[in-house]
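Peer 1: Just so you know, the protein sequences line up as chains A and B, in that order. Numbering of the first sequence is given in the working numbering, commencing with residue 1 and proceeding in unit increments. Numbering of the second sequence is given in the working numbering, commencing with residue 1 and proceeding in unit increments.
The hints are simulated quantities; they were obtained by calculation from the structure and are not laboratory data. As the structure is a prediction and not an experimental result, all values here were calculated from the model. You may find that some hints are simply not true.
Said to hold, decoys possible - The list that follows gives simulated cross-link-like pairs (lysine to aspartate or glutamate, EDC-like), each with its CA atoms no further than 16 Å apart:
1) K85/B - D29/B
2) K97/B - D29/B
3) K93/B - E78/A
4) K93/B - D29/B
5) K75/A - D88/B
6) K85/B - E78/A
Said to hold, decoys possible - Chain A regions said to be covered by chain B (calculated; three or more residues, Cβ under 8 Å):
7) 2 to 15
8) 20 to 34
9) 37 to 44
10) 47 to 59
11) 63 to 75
Each residue gets a CB set at the ideal place from its N, CA and C atoms; glycine is no exception.
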Amino acid sequence: MSLIYLFLTLCVAMCVYRIFRGPRAADRMVGIDILGIIVIVFCVLLTLSTGSDFYMTIAIAWSILGLVSTITLAKFLEGRNLDD
Amino acid sequence: MIEIIGQFFMAVGFCFIFLGCLGLVRMPDVYCRLQAATKCVTLGTGSILISAIFLSGSTATAMKAVLCIVFLFLNSPTAAHALAKACDISGIKIWEKPGDEKIYPARPRPPRDDE
Numbered sequence: 001m002s003l004i005y006l007f008l009t010l011c012v013a014m015c016v017y018r019i020f021r022g023p024r025a026a027d028r029m030v031g032i033d034i035l036g037i038i039v040i041v042f043c044v045l046l047t048l049s050t051g052s053d054f055y056m057t058i059a060i061a062w063s064i065l066g067l068v069s070t071i072t073l074a075k076f077l078e079g080r081n082l083d084d
Numbered sequence: 001m002i003e004i005i006g007q008f009f010m011a012v013g014f015c016f017i018f019l020g021c022l023g024l025v026r027m028p029d030v031y032c033r034l035q036a037a038t039k040c041v042t043l044g045t046g047s048i049l050i051s052a053i054f055l056s057g058s059t060a061t062a063m064k065a066v067l068c069i070v071f072l073f074l075n076s077p078t079a080a081h082a083l084a085k086a087c088d089i090s091g092i093k094i095w096e097k098p099g100d101e102k103i104y105p106a107r108p109r110p111p112r113d114d115e
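This is chain A alone, in the form it adopts within the complex:
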């Protein structure tokens, strides 16, 4: 089970690399979106390893709120030039 957590941490490291490195603002937004989906995977793994139920509730709420955050970022990006 700890090997699985190590593996997911590798995926998180790739997303964080893209968030820091990304040449445009849109790349960082893609990284934030993917990071929000990986948090759901962490919640499912915590449900399986601890046996308590409310982590799955957190996963449902996170999957709904991820849509809101990503659409807010996309509407903020539309028609602007945010690149550095």
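Place chain B on chain A using the hints.
Peer 2: Positioned in the frame of chain A, the structure of chain B alone reads:
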């Protein structure tokens, strides 16, 4: 038997998540990164939720996992489409392989409705 099915789905899900994150690092363009990362990671997360249905052993957790699959498969492509549309409106060019511009010349884009 049920545990073997659950672990199979979990292995498939981790393969998809790893390949999606690898595409997020390796792809050359915003659109390619969005395409590679969002679809693969969404499918991998859905597969891990299916494995949670098999492995958890409680009905409440399994029903919550089904609900989470439904919300995830509704929300994640919508978010990706909003991001891609925002990139298109902001005027980010599509990546072309260097040397291929003569073989595949850029086609004129039809005018958008909201411009």
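Peer 1: Determine for every hint whether it applies to the structure shown.
Peer 2: Right, here's what the structure says about each hint:
| no. | hint | in the structure |
| --- | --- | --- |
| 1 | K85/B - D29/B | holds, 15 Å |
| 2 | K97/B - D29/B | holds, 11 Å |
| 3 | K93/B - E78/A | holds, 14 Å |
| 4 | K93/B - D29/B | holds, 9 Å |
| 5 | K75/A - D88/B | holds, 12 Å |
| 6 | K85/B - E78/A | holds, 8 Å |
| 7 | 2 to 15 | holds (count 7) |
| 8 | 20 to 34 | holds (count 8) |
| 9 | 37 to 44 | holds (count 5) |
| 10 | 47 to 59 | holds (count 6) |
| 11 | 63 to 75 | holds (count 9) |
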